[in-house]
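Residue-level listing of the chains:
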Amino acid sequence: MLVVAAAVVLSVPWATAAQETGRSKVSGELAFGGFLSRISCTSCDDVTTGTSKGGLFRLGVALETDVVLGLEAMGHSSETFAGDADEDVLIENLNVNAIVLWFPWQSGVFLKAGVGAARGTVTVEPAGEDPLDTRGTGVGLTAGIGLDLVVWKRLSISVGVGAWISALGDIVLPEANVDDVISSAYGLTLGLALR
Amino acid sequence: MRTGRTPWGSSLVVILAMTGTGPAAVAAQRTSEHPQPAPEAESDSLPRPDILLAIGETLLINVVVNRFDAWVLQDETERVTPEDWARNLRLGWVWDEDTFLTNMFAHPYHGSLYFNAGRSNGLSFWGSIPLVILGSWTWEYLGETNRPSLNDFFMTTFGGVSLGESFHRLGATVRDNEATGARRTWLEIAALPLDPIGGFNRLLRGEWSRVGPNPPEDGTGDLTTWVRIGARAIADSGFVESEEDTQSVTPTVQVDLRYGDPFLTQYEAPFDVFSFRAQYSPGGGDLNKVRSSGRLYAIMLSPDSARHRHGLSVNQRFDYYHNPAQFFGAQSIEVGALSRWRLSGASSIRTELFGSATVLGGLDAPFAGVGDRTYDFGPGGGLRFEIAYERNRLSYIALRARSEYLHTVSGASADHNVSLGGLELSVPISGGIGIAAQASYFRRTSRYSDQPDDSRDFGQLSLFAEWKSSPRDGGGR
Chain A
51 MLVVAAAVVL
61 SVPWATAAQE
71 TGRSKVSGEL
81 AFGGFLSRIS
91 CTSCDDVTTG
101 TSKGGLFRLG
111 VALETDVVLG
121 LEAMGHSSET
131 FAGDADEDVL
141 IENLNVNAIV
151 LWFPWQSGVF
161 LKAGVGAARG
171 TVTVEPAGED
181 PLDTRGTGVG
191 LTAGIGLDLV
201 VWKRLSISVG
211 VGAWISALGD
221 IVLPEANVDD
231 VISSAYGLTL
241 GLALR
Chain B
1264 MRTGRTPWGS
1274 SLVVILAMTG
1284 TGPAAVAAQR
1294 TSEHPQPAPE
1304 AESDSLPRPD
1314 ILLAIGETLL
1324 INVVVNRFDA
1334 WVLQDETERV
1344 TPEDWARNLR
1354 LGWVWDEDTF
1364 LTNMFAHPYH
1374 GSLYFNAGRS
1384 NGLSFWGSIP
1394 LVILGSWTWE
1404 YLGETNRPSL
1414 NDFFMTTFGG
1424 VSLGESFHRL
1434 GATVRDNEAT
1444 GARRTWLEIA
1454 ALPLDPIGGF
1464 NRLLRGEWSR
1474 VGPNPPEDGT
1484 GDLTTWVRIG
1494 ARAIADSGFV
1504 ESEEDTQSVT
1514 PTVQVDLRYG
1524 DPFLTQYEAP
1534 FDVFSFRAQY
1544 SPGGGDLNKV
1554 RSSGRLYAIM
1564 LSPDSARHRH
1574 GLSVNQRFDY
1584 YHNPAQFFGA
1594 QSIEVGALSR
1604 WRLSGASSIR
1614 TELFGSATVL
1624 GGLDAPFAGV
1634 GDRTYDFGPG
1644 GGLRFEIAYE
1654 RNRLSYIALR
1664 ARSEYLHTVS
1674 GASADHNVSL
1684 GGLELSVPIS
1694 GGIGIAAQAS
1704 YFRRTSRYSD
1714 QPDDSRDFGQ
1724 LSLFAEWKSS
1734 PRDGGGR
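Just so you know, the sequences run in chain order A and B.
Counting in the working numbering, the first sequence runs from 51 upward without gaps.
Counting in the working numbering, the second sequence runs from 1264 upward without gaps.
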């Protein structure tokens, strides 16, 4: 079913439009999406999972006809990691990555890879008390696949599936130090691209 | 590929590294026999990239390595089951505890196999990167019973791209599509350690015997090779609190390669200029240094006719230092300026000033606290400066200084500073034979949040007999 759907998507007129119009030297994209988030650590026997929502912004420059080099800022936040009913937990992640987009075909499909810096903030708000927040800074990775559906000249609807990995180091919480935290987000984004 | 757990595994890595010496010598001989560059030729790429075959070979590499480790090496971590796959998918990434050699060198070589599955099937440099990601990702999640290792993924991907493109070009330089007979076959075999996937694909396509033009990646006429054999004396200060100093003298073999010239080779594609150094000292850390730098992008700020040449460059670097004092490794991207200041005759002064971002570095740390692992991982940044006196574009005296900062994200709660510096001297005697001397200094300072600060020094002096091939006069493409 997925293969059939992909074949249909790739054969509709917007695929041809992408080929006919080519791509801009400078490109940009703004997208929003939902993610499955996961947090693990060195001393953790298991992982903590939740859902998050967020968005991304990309700016790029075409190196070749099928390669775009750019910068991507992706942020997502989640309030679904609270373990104790008496406290709210907000986890926010920001990744700023240098990325490469590769368009292997004329259909608008692209592959993405990137690396950069990551910042994670955990805010714990016990009931009736002031919130406490702590941060970790480290390195981020991203990879994904996307599709530009040209709607008008160089304006496209961009659909993407991606993974964002953030290695944040040690996070100091009120009740414990969490060593070597790795935060992962896997999800779908939908947005507008000028390429 | 777990090559760091047994003596045979470590030896395999050394053999893989130092067999570059043989192909490098072959490439140098081709350079002297064919001083003129090969005529502009079709790429070694296929008329159309075969993406499906490249993907298939990438996945096949994982299957072959997994089954070899499981059936031949009897490695239990390779006997994966669907339950292992399900657990890995559920739990996700973790930092592993492999040896420094395995993490910092063996994985990049593994990654280069994926990369060259792409290059040898007609994909470009950029188009081959997704294959490294695919190969590494599927290996980490599906190839081992261990949880997927984030540091392995970093090292395999970045190191694989760097080593892969370097080995792809060196392989093309060693081979000679214009040769015939036994010489042709031996050249194809000589390139196998560098680019086994490319060699295998060429065998399948009948290109081991087909005569034709050489590809653009052939660096014949633009490759300079140095092989140095000598001795290395080291002195290690030990821990600050300890009065123990260690000193030793060990035999050492060093290989240097320089492909292209950053001032003469017009930028056309990533890694059209790169350099590579490997050093092996039995009893003194064995494979103790691997350093490579490949040009990702460059622009010249001065015209070709200018007396003094200036340019800006973006390079991808791979560093691996493993000496009795400490381990240091890093995958980084650097941006900076380089200049060649022409003096009288064939003499010039070359300067380089670069700032770098370390994607992931590793440094030994006794308080790492991650199981059996005794080194920290983290991102960082640094500065590098170099000044050299050159004649005919060959360095005779070079002074290098570099400072790196590492922020730990796995290991001890620490920040590290590493300073490296050195002076290198090369004195020609006759033809390509000469003597060389290298003095270097390595200092690290670690600041822990819950331990005393740590500082160590490492000095090194090496003397070599040196053989080098000379680039073709006026070289560059």
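Keep in mind the hints are simulated off the structure, nothing from the lab.
Incorrect hints may have been included.
Claimed, not checked - Simulated restraints, written as ranges between beta carbons of each label pair:
no. : chain 1 : residue 1 : chain 2 : residue 2 : range
1   : A       : S127      : B       : L1606     : 53 to 61 Å
2   : A       : R185      : B       : W1400     : 24 to 32 Å
3   : B       : L1662     : A       : V146      : 48 to 56 Å
Note that beta-carbon positions come from the ideal geometry of N, C-alpha and C, so glycine has one too.
Results of checking the hints against the structure:
no. : hint                         : in the structure
1   : A:S127 - B:L1606: 53 to 61 Å : holds (59 Å)
2   : A:R185 - B:W1400: 24 to 32 Å : holds (28 Å)
3   : B:L1662 - A:V146: 48 to 56 Å : violated (35 Å)
Of the numbered hints stated above, the single one contradicted by the structure is hint 3.
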